Each structure stands twice: as C-alpha cells, then as structure tokens.
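Now for the letters of each chain:
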Amino acid sequence: MPVDLDNSSTVSGDASVSSTGNHQNPLPNSAAKKKRNLPGMPDPDSEVIALSPKTLLATNRFVCEICNKGFQRDQNLQLHRRGHNLPWKLRQKSSQEVKKKVYVCPETSCVHHDPSRALGDLTGIKKHFCRKHGEKKWKCDKCSKKYAVVSDWKAHSKICGTKEYKCDCGTLFSRRDSFMTHRAFCDALAQESSRNHTHSKKQNPDILTRKKPVPDPKSITGSNPVETQSTKIISPSAITIKRPDSPKTPRQILQAAKEPTGLNGVYFESSSASPSIYASSSSSSSSRSLFAPSSSIEPISLGLSTSHGSSFLCSAGFSAQPAMSATALLQKAAQMGAASSGGSLLRGLGIVSSTSPSVDTLVPHGLALGLPCGGESSSGLKELMMGNSSVFGPKQTTLDFLGLGRAVGNGGGPGPALVGPRGSIDVAATFGAGEFSGHDIGRRTSS
Amino acid sequence: MVAMFQEDNGTSSIASSSPLQVFSTMSFTRPTLLSSPSSPFKDLKPEERGLYLIHLLLTCANHVASGSLQNANAALEQLSLLSSPDGDTMQRVAAYFTEALANRIIKSWPGLYRALNATQTRNSNVSEEVHVRRLFFDMFPILKVSYLLTNRAIIEAMEGEKMVHVIDLDASEPAQWLALIQAFNSRPEGPPHLRITGVHRHKEVLDQMAHRLTEEAEKLDIPFQFNPVVSSLESLNLDQLRVKTGEALAVSSVLQLHNFLASDDDFLRKNGYSLSGDSASSLPLPKSRRFLNAIWSLSPKIMVVTEQDSDHNGSTLMERLLESLYTYAALFDCLEAKVPRTCQDRIKVEKMFFGEEIKNIIACEGYERRERHEKLEKWSQRINLAGFGNVPFSCYAMLQARRLLQGYGSDGYMIKEESGCAVICWQDRALYSVSAWRCRK
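Chains as they are written, first to last, in my numbering: chain A, 121 to 567; chain B, 2 to 442.
Keep in mind that the hints were calculated from the coordinates and are not lab data. Since the structure is predicted, the reported quantities are computational estimates derived from the model, not experimental observations. Glycine included, every Cβ here is placed at the ideal spot set by N, Cα and C. Check the hints yourself; a few may be wrong.
To be verified - Capping the alpha-carbon separation at 30 Å, the derived lysine-lysine pairs in DSS-like fashion look like this:
1. Lys-417/B to Lys-286/A
2. Lys-204/B to Lys-360/B
3. Lys-442/B to Lys-262/A
4. Lys-288/B to Lys-265/A
5. Lys-417/B to Lys-266/A
6. Lys-256/A to Lys-163/B
7. Lys-259/A to Lys-288/B
8. Lys-271/B to Lys-288/B
9. Lys-220/A to Lys-262/A
10. Lys-220/A to Lys-174/A
11. Lys-442/B to Lys-257/A
12. Lys-252/A to Lys-442/B
13. Lys-252/A to Lys-163/B
14. Lys-265/A to Lys-417/B
Said to hold, decoys possible - Some residues of chain A that are not near chain B, with every Cβ distance over 12 Å (derived):
15. Ile-169
16. Ala-170
17. Asn-188
18. Leu-199
19. Lys-220
20. Ser-229
21. Gly-254
22. Asp-272
23. Trp-273
24. His-302
Could you build all of it, start to finish, from the sequences and the hints given here?
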C-alpha cells in the first residue's frame, strides 16, 4: 500500500498541481459563513484531495509532529499542540487562507472517483467509501440488515422494531409515507371493507388518510374492490410506460417504493392481468362462506342420525349453498369418517340393502378398507375408509377390522387384509412396486 | 386373512365382495332422491356427489391396490359416470384420478398399454408444452413468488460481485431472468457482468429464451451472455455448464430435483443403502445425492430450490392417493376461485399439467414415476447432507412475496416461513416451497 498519496489537482480538470491563483484574495473564511455548494457541483476552485484507502480509513489522520500522537480531528490536534508551548511562529496555522478541499473516492470504478463528482466533506467521503466499497461489519441484531458505517448502524437500530404503523393486512411500517401508499393499494383492506358492505366506512378513511391528492389510482380504489384489483394490474404497466419521464407522480412513488424488484412485480403482475379479471369478488366470497358451514356439519349430522338420509342434507341447507370446494368436501368426508353418524349420508344416497336386515353392518364393511397410516391430514379420510363401526353402526365405537363382532354375511372381507401398514404394504407391494406382472392379476381374476 | 382376500374374485358370494357390487344389485328405495333406478345419480346434489366421488375413489384405489379388478372396474364405471373434466372441482379432480387409476390397471398388461398408445406421437408438441407451462405461470402465483424469491436471494448474495454466473436447471420461462436483469441493472453499484446458462431438453425453448434475454440486456446496456445447454438434467455433464473460476455462481432449480428420486427406488433395492448414511466415497450414492454433490463441487454462492411441498412419494398406492387427493383438490380449488369453469385454458392446465402429474403419481412405479414430490423437511435434509447450509430469505423478500400473493386477488393463498424456507399454501395446505442454500465448507 503506497504511503499517503496526497496529490491534488483542481476540480476544473487542470493537470497542474494546486493552483495558487486564489492567494491574492484571502477571504475571511473563518469569519464568513461557509457556503454550502450545491450537491454534485463542487466549488471549481477547490483543491481536490485524493487519499489512499488506508489513509481514508485511518482513524488518526492528524499526527502531532512533535510527539507523533494521532488525532481524528484537526481541531483536536491543534488543541494538543498548544500544550507543547511552541514558539509563536510555528504555533500559528498557515496564514494562507485555507483552500476548500474536496475529496475523491480512491476506488477507481466508483462514480466519485472523478474529480467533478468529488465530495466536499472528509467525513462524507470516508462514510461513502465504507458504505459502498467496504465490508459490512455491523449487523442489526433485530433484523438482518448489515452496515459498514457505525453511525448508519446506530441510526437503524434505533428505529428497527419501533414500527409505528400497521395496516389491517398485517404489514408493519416505520414510515408514514410508505404506509399511506400501501394502504391505498392494499387489497386486504379493500376486501375487508367490501365485506362489511359499508362503502362509506371505506371511503372516508381513505380520503382522510390520503396525504397527496392523487387522481386516478386512489379514486378507483375507493369505489370497488374488483377494480382495485384491475387498477393494480393496470398501474404497473402504466408505470413501465411512464418510466422514461421522471415527474414525481404518486404512481412513480409507488414504483419507487417497490424498487428494484418492483420490476419483478411488473412482469409477474402484468402477466396475470387476464386471470385476475376472473377473480370476481362473488366467487371468492362464496368460497369464503363455504367454510363456515363445515363447522356446523357435525351438530347437524349428529342431530339427524336418526332421520333418513336425504333429508339430512336438505335440512343442512346445502341445497342452498353454492358448490363446495374440493378441499372442503375432503374435509367433510374426513370428518364424517371420524364422526359417528356419517353413515346417514350414504343412507341418504340410497345405499340401503333391501336384503339384509342389519343395514348398519352391511355398509361399514363396504367401507372397511383398512388403510396404512399416512399423513395426519388424511387420517380422517382413512377413518372413513376404515369403516369404523362407529361410522355406520352405532353399536360399536372401536375398530373391529376382523369383523368378528358382526357375523352377518359380509364377513371380515377387506378389513383384515389391509389392517395396519405391514399388511397393506405386502398387498400393495406385490401389485405396486417394481414391475407389474400381469400374471398376478391374471391369477386373481381367473376363476 | 391376507391371502384369503387376495384370492377373492368377483364371482364369489356377496359375503366377501365390496359394497359397490352390493350397491349395484340393490334396489333403490329413496324416491325423493332418485327419479328412476337406471339413473341413480341424476338427483344427487353437488355435495353428495362430491362425497360419493371421494368414497368411490378410495374404494377403487383400494381394489386396485389389492388386485380385485372386478370391483375396481365397477368403481371405475361409477366414477366415470359421476366425474367430468368440465364439472365442479371435485368432479374434475375425480376425473383425473379415475383416469390415472384406470391407467394403472392397464399398465399391469404392458403389451396392452403400449398397444393402446401405439398411435400416439412420442415427440410431444413442444409449443404445446411451453404453452401449458406458461398457463401455469399465469394462473398461479406460485412460479411468480418462486422467481421473486430466487431473484432476491441471488441479488442479495451477489452484492458487490462483478462477475455473476447463473445456472438455470430448467430454462423455460424468460420472465424470471428478465426480472433479474432489470433488478441487477438498478442496483446501486451498477450491473455486473452477467452470464446465464440455461439447461433444457428442447433447443427451441432455449433459442427463444436467448433471444428475449439478450434483447433486454442490450436495451439496458448490460454486459450479458446466454449459454444454452440442450440436455436433460439426468444426462447433464457439469463441464457443459462451463463454470469459470473467479465468477460468482448462482444455481436455480424450479421443480426439477424431484425427478432424480425416481432412480432411488432401484438404487435402494440394489444397494440397501440408507440415504442418511455417511458420505464415504467408497460407497455408491443415489443419483439425487450425486447430483447435489456435483452442484456443491461447483461452489455456488447461492442455490435456490423450488419444489412441491407434499408427500407424494409414499411407497403404497393408498398413501400416495390420499396425499395427492388433498394436494390436487387444493390446486383445483385455486383455479376454481380464479378462473371460470368454461375457460379452455383452465381445462388445459388441469389436464396437461396437473392431470399428467396425477397420472404419473398414481399409475406409474419405479423409474417411470418421476413426480416424486416430498415434504420440505426431507429436501432440507438431503440438501444439508450434500454440504449446503440454509440461507433464510430477507425480510424484504418475504414482504414482497406476501404482497404479490395478496395482490393476486384470491384470499386463499398464504406464504409462511419454515426454518428459513418459504412455503406457499392454499388455505393451510402446503403446496410449494422455496429455499435458498449456500455452500458450507
């Protein structure tokens, strides 16, 4: 690493060593207030300093020439020098006016390496160098954000976790403006209010909480949840069109809020434009309401265990319901398998034996399909299939695979064959695993 | 007792036959329910029909598993009457499962099976395949969330990297990498020199992808290179990937890894080797493990794996049927909530995307059964064993994923975090998982 590279050139691109042209006008810098240059446009007469990374990161840049003690700040060094009782001449700072210094980043690929983009503050360039080209050594303990500059880390830790705004959909925000933007487009919020059927309830808070009077997106969201959906789809594509111009519209802000993977959203959301049209609130609301009755299945079915099946379903009011989702049906079937009176359903379907007097025992054996233990979610279905006597025959509540308790015609049939995992694996293995042998099947079906 | 049942045949007495036979011989005594004995199903309400379909499916599968084909046939008959690919969710699910079960039976006569498929052109339409894949991408947020999380994980892992090489093990959707290119473009330190290597069986798909990606990169003026590798994943040679030293490597695998498990059955049988055994180099390793080891040897900085999160790899038919019934019921429900029943695209996705998966899970065995979906836990174990450590997704990435799911319109989707991995669910039913991994030394 080379020693202190303290070469300087003017910002205006002169290759010569620091111009001394300005000595003639010693402005009373210390007296006058330091002018702050516009960002990105450093003072053209300022002296450009390019420090090496080592110097930049060095904590003690200022060294006392007498005792070689290092200091972080020039003022501290001067203060310290006073203590050496220097003769008056050496004690003074140079009578020259202090030329304004600007600093460039030593990293060659960095934008700030160019003198025209130099930063005016030493601390600033140090922080920049650490942030962009340094290793992030400081990690927030609450979330996983990492920082290279201590002050950044401290500032973040202060606000991390102190989220103040919470949307109804559950997202937390530490900034008011991002919270507002989110609320305007939050579909959960829109659906919530549409479900409550109180448009006024929804529109008023939206209007009140809106900081910026934005015309299109928010007025549309105010009206209809479905249109919220389509607006959300439309606006990202509008954003892609608008991106070349840079006026700061609220849509732009939304875009910025989603950056950079907001672009991800653009691609993914715009391609979902067509199916989302199909997402009518009616269908989704119907599916929502479907799950409510499932909890009421059990009491109703229990209550109707004595009544005949067809009325069971009618009185449960299912005929009035829209089509149940497949998941709900599976859950219901599993519940029926577990409940003791699901058999009334099959009775209702007309699965009544006209021959056998003991209806209960006939049907369960049909379902006495012992199954191997599988995942927890399918256990209910298995119970249905296991044809617990408790399902269809109110007499016994325990599994009776052997069917020995019931002597009626059916016999133990399918039950014992498939009791427990061991048995079923044997059965299935011969059929299922490896190569199929048509012979096995042939043997079974030949009579 | 087992033997007794196995030798049971359809002509035996009613005593040992299934209720369906009994059912078919019974007279129907419910006038309110039935208009005439010949059409017992006319007046079934949708819920009743749905429940009966479930009952039939389970019964049929049981018969198929135990080999009582007569009974299975009776069940299939009723299933075919009641189910339909145009009907409600349960009817559709049942239709595909019915077909799969029938296929399974036929496969036990290999000659018959092949003869029935003799006139089917083996070279399936590539554009049709691509189209169906695209439909899946459009109609479900799953791939979108996967791509979002994958890209986020890659961007975060590649912070500060100047040379980035991404390997896509199934390069079929340009949207994923288009988004990545744009994300790299807007990162504060500027875009890196980006290389993407795409692996796919069909050259046309890779050509299309190359075209789209290079076009985008040129527009944004990013140094970019796309390397197509026309190969199936099993026969992939790592040299073909051309990984260079000094570049930061990212690997993306979307719904591909489970195919490797298909050869594990044979392997386990031959070698009696437990998958959780040690990785001593003298012992042979199953293909899935070998592949993961190979990826590990490339020292990727990040590997993102998207897989189904369901246990469809049970050793018995019943296990698989039960699990997959739940999974595909959920998936079909997703479609029902979003897309109208008459939509032809929906029927296409159901038939050609999910229907094929169902057929494979139910009807095939051994090496043919490629759709070996397993739970996230098992995948995590496997990937861990191969020398990878989990990289949790950042808060920002999860937030974006949640937003995307919310914005999708249906309120059944949910994303949850499970030991550093993201799981996409439909109303509590876990469907797919996305997880990110780095090389552990």
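Right, here's what the structure says about each hint:
1. Lys-417/B to Lys-286/A: holds, 19 Å
2. Lys-204/B to Lys-360/B: holds, 27 Å
3. Lys-442/B to Lys-262/A: holds, 27 Å
4. Lys-288/B to Lys-265/A: Judged against 30 Å, a Cα distance of about 38 Å means the pair is violated.
5. Lys-417/B to Lys-266/A: Answer holds: Lys-417/B to Lys-266/A is near 24 Å, not above 30 Å.
6. Lys-256/A to Lys-163/B: holds, 17 Å
7. Lys-259/A to Lys-288/B: Status violated; Cα separation ~40 Å.
8. Lys-271/B to Lys-288/B: The given pair, whose Cα atoms are some 13 Å apart, holds under the 30 Å limit.
9. Lys-220/A to Lys-262/A: violated, 41 Å
10. Lys-220/A to Lys-174/A: Answer holds: Lys-220/A to Lys-174/A is near 22 Å, not above 30 Å.
11. Lys-442/B to Lys-257/A: Status holds; Cα separation ~21 Å.
12. Lys-252/A to Lys-442/B: holds, 28 Å
13. Lys-252/A to Lys-163/B: Satisfied, since the Cα-Cα distance of roughly 14 Å is no more than 30 Å.
14. Lys-265/A to Lys-417/B: holds, 21 Å
15. Ile-169: Ile-169/A is indeed farther than 12 Å from all Cβ atoms of chain B, at 24 Å.
16. Ala-170: Since the minimum Cβ distance to chain B is about 20 Å, Ala-170/A lies beyond 12 Å and the statement holds.
17. Asn-188: About 36 Å separates Asn-188/A from the closest Cβ of chain B, which puts it past 12 Å; holds.
18. Leu-199: holds, 39 Å
19. Lys-220: Its Cβ never comes within 12 Å of chain B, the nearest being 28 Å, so this holds.
20. Ser-229: violated, 8 Å
21. Gly-254: violated, 10 Å
22. Asp-272: The assertion about Asp-272/A holds, with a minimum of 14 Å to chain B.
23. Trp-273: holds, 16 Å
24. His-302: Since the minimum Cβ distance to chain B is about 8 Å, His-302/A lies within 12 Å and the statement is violated.
Violated hints, in rising order: 4, 7, 9, 20, 21, 24; the structure is consistent with all others.
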